[in-house]
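Peer 1: In case you want the letters, here they are:
4 protein chains.
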Amino acid sequence: MTVIKLLGKPKLKNAVLIEGLPGVGNIGRVAVGYLIEELKAKKFADLYSKWFFPFVMLHDKYKIHLLKNEFYYWKAKRKGQRDIVFLIGDCQSLSPQGHYEVGEKVLDLAEKVGVTEIFTVGGLATGELEEKREVIGAVTDDKILKKYKKHKIDFNAGEKVGYIVGAAGLLLGLWKQRDKDGMCLLGQTTGFPIVTDPKAAEEVLDVLVKILNLKIDMTKLEKKVKEMEEFMKKVESLQKRALMDITKAHEKPGKKDESLRYIG
Amino acid sequence: MTVIKLLGKPKLKNAVLIEGLPGVGNIGRVAVGYLIEELKAKKFADLYSKWFFPFVMLHDKYKIHLLKNEFYYWKAKRKGQRDIVFLIGDCQSLSPQGHYEVGEKVLDLAEKVGVTEIFTVGGLATGELEEKREVIGAVTDDKILKKYKKHKIDFNAGEKVGYIVGAAGLLLGLWKQRDKDGMCLLGQTTGFPIVTDPKAAEEVLDVLVKILNLKIDMTKLEKKVKEMEEFMKKVESLQKRALMDITKAHEKPGKKDESLRYIG
Amino acid sequence: MTVIKLLGKPKLKNAVLIEGLPGVGNIGRVAVGYLIEELKAKKFADLYSKWFFPFVMLHDKYKIHLLKNEFYYWKAKRKGQRDIVFLIGDCQSLSPQGHYEVGEKVLDLAEKVGVTEIFTVGGLATGELEEKREVIGAVTDDKILKKYKKHKIDFNAGEKVGYIVGAAGLLLGLWKQRDKDGMCLLGQTTGFPIVTDPKAAEEVLDVLVKILNLKIDMTKLEKKVKEMEEFMKKVESLQKRALMDITKAHEKPGKKDESLRYIG
Amino acid sequence: MTVIKLLGKPKLKNAVLIEGLPGVGNIGRVAVGYLIEELKAKKFADLYSKWFFPFVMLHDKYKIHLLKNEFYYWKAKRKGQRDIVFLIGDCQSLSPQGHYEVGEKVLDLAEKVGVTEIFTVGGLATGELEEKREVIGAVTDDKILKKYKKHKIDFNAGEKVGYIVGAAGLLLGLWKQRDKDGMCLLGQTTGFPIVTDPKAAEEVLDVLVKILNLKIDMTKLEKKVKEMEEFMKKVESLQKRALMDITKAHEKPGKKDESLRYIG
Numbered sequence: 001m002t003v004i005k006l007l008g009k010p011k012l013k014n015a016v017l018i019e020g021l022p023g024v025g026n027i028g029r030v031a032v033g034y035l036i037e038e039l040k041a042k043k044f045a046d047l048y049s050k051w052f053f054p055f056v057m058l059h060d061k062y063k064i065h066l067l068k069n070e071f072y073y074w075k076a077k078r079k080g081q082r083d084i085v086f087l088i089g090d091c092q093s094l095s096p097q098g099h100y101e102v103g104e105k106v107l108d109l110a111e112k113v114g115v116t117e118i119f120t121v122g123g124l125a126t127g128e129l130e131e132k133r134e135v136i137g138a139v140t141d142d143k144i145l146k147k148y149k150k151h152k153i154d155f156n157a158g159e160k161v162g163y164i165v166g167a168a169g170l171l172l173g174l175w176k177q178r179d180k181d182g183m184c185l186l187g188q189t190t191g192f193p194i195v196t197d198p199k200a201a202e203e204v205l206d207v208l209v210k211i212l213n214l215k216i217d218m219t220k221l222e223k224k225v226k227e228m229e230e231f232m233k234k235v236e237s238l239q240k241r242a243l244m245d246i247t248k249a250h251e252k253p254g255k256k257d258e259s260l261r262y263i264g
Numbered sequence: 001m002t003v004i005k006l007l008g009k010p011k012l013k014n015a016v017l018i019e020g021l022p023g024v025g026n027i028g029r030v031a032v033g034y035l036i037e038e039l040k041a042k043k044f045a046d047l048y049s050k051w052f053f054p055f056v057m058l059h060d061k062y063k064i065h066l067l068k069n070e071f072y073y074w075k076a077k078r079k080g081q082r083d084i085v086f087l088i089g090d091c092q093s094l095s096p097q098g099h100y101e102v103g104e105k106v107l108d109l110a111e112k113v114g115v116t117e118i119f120t121v122g123g124l125a126t127g128e129l130e131e132k133r134e135v136i137g138a139v140t141d142d143k144i145l146k147k148y149k150k151h152k153i154d155f156n157a158g159e160k161v162g163y164i165v166g167a168a169g170l171l172l173g174l175w176k177q178r179d180k181d182g183m184c185l186l187g188q189t190t191g192f193p194i195v196t197d198p199k200a201a202e203e204v205l206d207v208l209v210k211i212l213n214l215k216i217d218m219t220k221l222e223k224k225v226k227e228m229e230e231f232m233k234k235v236e237s238l239q240k241r242a243l244m245d246i247t248k249a250h251e252k253p254g255k256k257d258e259s260l261r262y263i264g
Numbered sequence: 001m002t003v004i005k006l007l008g009k010p011k012l013k014n015a016v017l018i019e020g021l022p023g024v025g026n027i028g029r030v031a032v033g034y035l036i037e038e039l040k041a042k043k044f045a046d047l048y049s050k051w052f053f054p055f056v057m058l059h060d061k062y063k064i065h066l067l068k069n070e071f072y073y074w075k076a077k078r079k080g081q082r083d084i085v086f087l088i089g090d091c092q093s094l095s096p097q098g099h100y101e102v103g104e105k106v107l108d109l110a111e112k113v114g115v116t117e118i119f120t121v122g123g124l125a126t127g128e129l130e131e132k133r134e135v136i137g138a139v140t141d142d143k144i145l146k147k148y149k150k151h152k153i154d155f156n157a158g159e160k161v162g163y164i165v166g167a168a169g170l171l172l173g174l175w176k177q178r179d180k181d182g183m184c185l186l187g188q189t190t191g192f193p194i195v196t197d198p199k200a201a202e203e204v205l206d207v208l209v210k211i212l213n214l215k216i217d218m219t220k221l222e223k224k225v226k227e228m229e230e231f232m233k234k235v236e237s238l239q240k241r242a243l244m245d246i247t248k249a250h251e252k253p254g255k256k257d258e259s260l261r262y263i264g
Numbered sequence: 001m002t003v004i005k006l007l008g009k010p011k012l013k014n015a016v017l018i019e020g021l022p023g024v025g026n027i028g029r030v031a032v033g034y035l036i037e038e039l040k041a042k043k044f045a046d047l048y049s050k051w052f053f054p055f056v057m058l059h060d061k062y063k064i065h066l067l068k069n070e071f072y073y074w075k076a077k078r079k080g081q082r083d084i085v086f087l088i089g090d091c092q093s094l095s096p097q098g099h100y101e102v103g104e105k106v107l108d109l110a111e112k113v114g115v116t117e118i119f120t121v122g123g124l125a126t127g128e129l130e131e132k133r134e135v136i137g138a139v140t141d142d143k144i145l146k147k148y149k150k151h152k153i154d155f156n157a158g159e160k161v162g163y164i165v166g167a168a169g170l171l172l173g174l175w176k177q178r179d180k181d182g183m184c185l186l187g188q189t190t191g192f193p194i195v196t197d198p199k200a201a202e203e204v205l206d207v208l209v210k211i212l213n214l215k216i217d218m219t220k221l222e223k224k225v226k227e228m229e230e231f232m233k234k235v236e237s238l239q240k241r242a243l244m245d246i247t248k249a250h251e252k253p254g255k256k257d258e259s260l261r262y263i264g
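Protein chains in written order, with the working numbering: chain A, 1 to 264; chain B, 1 to 264; chain C, 1 to 264; chain D, 1 to 264.
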């Protein structure tokens, strides 16, 4: 009941997958969304799952869309660049087993199209922000640390956090189990987990662009984030919504309801 | 473990399915229930599922019924009308995967009996009601908007809401995935989600009746809603009940219970 | 993962199954437990399920037992009596799908050993108790009502409640789906759902004993309930425990924990 | 989706398995962790499961690890000793069915490598600690009680508790269903369930070491616990985290969010 619909079958070589699903500060969502737009990456697959919210989103004010994750690809244009697969979407799974099952499906497809390395992008909610908010890194293996340590990444994440939640962490954990490697990049952001933070996204983008040898016009980010605003608000709503549902369930019904006497 | 029991096999042509399961204001439930009665639609299937509440309802004060969804059909009587399948029932699923799995079963049956288009009916809780409460519409595709835009439907739902929860949205999302089309009609109602609102149901009915070219005597709606009252109260109780169960779980046991010391 | 271990294969004729799992007031548990003891019914099966609590109970202060449901049988001794299967146990399922799946397993076994009719015993928490606390009845079909209406049963349950929760209701709902019949008997008890109420159990026993034409010495009930006390306290603890777990999850950790900064 | 990766296939004779997964006071985790280190036991299997948290842990500050349970073995060095399998890990399952499914997988492997008896180690949160905190025992069968009663174990657990939660209890319950035997040892610890208690771990170790005829230098325990500190803090965070997630879900969003109006 997790289904991938292929729209194309790109043949990529030694490609990197960059994950940017909604999460803390929606940093991955914004960063990867911007890369997709700027690089004019091509969509090649949709992923639907019974582990997502039982909701549909409304696009353009009236058009119904099942929640989904999407795959895009972009082919390297010159030496020093790599083919890229992008994973972006409306949401993550609601339950633990959903996270694991969707994760495995994502990695199956990644392997099939030629992905050899994975970068995930997430956020770290630090409460107050430090003066200099360096991007935090975590890796599957020491050789990845060595490979990327020249970049401005703080590899002491373990001092600040004990674990990484959701797709940003799990995709890499499951990938490592397949004897493959990758890195997680976390932008530092303020407390409340579900407010989009484009500034933190920019900091992660800076690192990613250098690692991947991309030429990206960063000046349009602010404008693009504005354009994405309506959509990002819906993504945030979706996240809040999950909280609300539970909260609602706790409001005690105002009046004693005779028809509710407990039976069993 | 989602089972459909067929009582008949209607052969329909280019039929429309109208969904009216319990939800906000029970608008769909009331509207579709009234259409079934007025058109004397014939039942042809029951759907049971382990994803429903582990409850039974009591009809006629003492008769036990498993929770279920029901399918009815009605054949077009004259030109300009279409064959109709009605989906009505006691409840929706409790969990996300239940919503998805029951939804797929519903659509499988719909396809088998000849349904080509789906209308879902739901409610939009707006807090305060605006003077004129127009029916809100959302569609799977622009061509549906074009087809029905002459009717009194406000297609700016996306401005008011970001998504549609439960069967009213999900059935259409899953239907679109099968390259088929449909429309969601939402009556506007006041805040508390689980009080039946026959006035909002009437507004949606007005639109539906015109679209489907039906002759329905609307004057009996009020009387019929009164007759349905006992049943609707049970449906509401069922919805409140889901909330209550969780609320109850939160009441702290009054006394320290020696036998409850934590172990593990 | 719901497993029935057979210890014997009784061949019964036109037998009745009487369910008495823990529930409101533990009325069914006490009533059926007393019948099993008084009739010296023989155990013939254990049912284990992954849908039960992930706990073990301690019997005799130190002996570990997986949670289970148990089946006993008793053969009619003289004309006017019927063979009986008893269903008793430590707990019910935790989730909706567990209730449905365990329920089907129970009914499969019941059919196999010759059960043709089912009685379930539960409790109705009425808040305050009325002067005369008549046993409440609900049935799968009018013919069952007719069959048992001469007994002191109030068949207006539907006025007091809209549905019956858990095994007491669901077993009958699922049984009816198999075109078979049965009756639910509910003792009225006070508010808090998980305090054992032997008085209410006695009232249901009175009705059951007459229906089944049994000779049971009721004077020992009080003494037996005392003997059962330690076990019933554990069953109650188990029920409270389910509540506690959730309650605990809500206590906010006292200190700010640096290592808990949110990531994702 | 619960997978065991074998790194070796030890052939053991009449071996005992000792379980020490995180739990109350992390007593089992500390005690078994210390035994593994002191005996230089060899790892031979990893267990991963979709029933664990959808998290990854960070080791050495930056290295990503999927949550897992691990199996080690140690071969008896002299007469009077037994081959030992150790079960240790980052976490237990999140849901009931996860507990049951992972438990069965553990026991399957245990049987395959020659385990005949199981000891589980857990904690009992007693609120206040009694002067003398004796280790509490529970067994699958009277013959186990007889076998080990000469050791300093209080076999009146049933007076203090009605059941044992999680792996410490369930592994033994499921093991007994396979007609096999074992014992649970519970260290007494103070109230808050998720603070590591090395003192209680030492008391259980004392008993275990005598039963298994091991020569263990206990003086290093304190030092080792210090070394484990960073890891134990992560395990505690993981446990608190589970609570936090739910707590967070209950914070009401501060402002009324127009885009959150309820629909359905």
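A hint or two may mislead.
[As the list claims (entries may be wrong)] Listed next, the in silico EDC-like pairs over lysine to aspartate or glutamate satisfying Cα-Cα at most 16 Å (straight line): (1) D:K63 to A:E37; (2) A:K215 to A:D60; (3) D:K220 to D:E38; (4) A:K176 to D:D46.
[Stated by the list, open to error] Sample of chain D residues lacking proximity to chain C, with all beta carbon distances greater than 10 Å (derived): (5) A41; (6) A76; (7) K215.
[As the list claims (entries may be wrong)] Covered stretches of chain D (in silico footprint by chain C; criterion: 3 or more residues with CB under 8 Å from a CB of chain C, positions within the stretch not fixed): (8) 105-118; (9) 141-151.
For the record, the hints were derived by calculation from the structure and aren't laboratory data. Backbone N, C-alpha and C fix where the C-beta goes; we use that ideal spot for every residue, glycine too.
Peer 1: Take a quick look at whether A:K176 and D:D46 sit within 16 Å of each other, Cα to Cα.
Peer 2: holds, 14 Å
Peer 1: Grab the minimum beta-carbon distance between D:A41 and chain C and tell me whether it stays above 10 Å.
Peer 2: Answer for D:A41: holds, closest chain C Cβ roughly 26 Å.
Peer 1: Count the residues of the segment 141-151 of chain D whose Cβ falls closer than 8 Å to any Cβ of chain C, and tell me whether that reaches three.
Peer 2: holds (count 3)
Peer 1: Compare the distance between the alpha carbons of D:K63 and A:E37 with 16 Å, and conclude whether the hinted pair is satisfied.
Peer 2: Violated, at about 32 Å.
Peer 1: Would you say D:K215 is clear of chain C, with no C-beta pair closer than or equal to 10 Å?
Peer 2: With a cut-off of 10 Å, D:K215 remains clear of chain C, as the shortest Cβ separation is near 29 Å.
Peer 1: Can you take a look at whether the segment 105-118 of chain D is actually covered by chain C? Rule is 3+ residues, C-beta closer than 8 Å.
Peer 2: violated (count 0)
Peer 1: Are D:K220 and D:E38 close enough, with their CA atoms no more than 16 Å apart?
Peer 2: holds, 9 Å
Peer 1: Since D:A76 was said not to touch the interface, does its Cβ keep a gap of more than 10 Å from each Cβ of chain C?
Peer 2: Consistent with the label, D:A76 stays out of reach of chain C, its closest Cβ about 26 Å off (over 10 Å).
Peer 1: Taken at face value, is the distance from the CA of A:D60 to the CA of A:K215 at most 16 Å?
Peer 2: violated, 31 Å
Checked against the numbered hints listed earlier, the structure breaks hints 1, 2 and 8; every other hint is satisfied.
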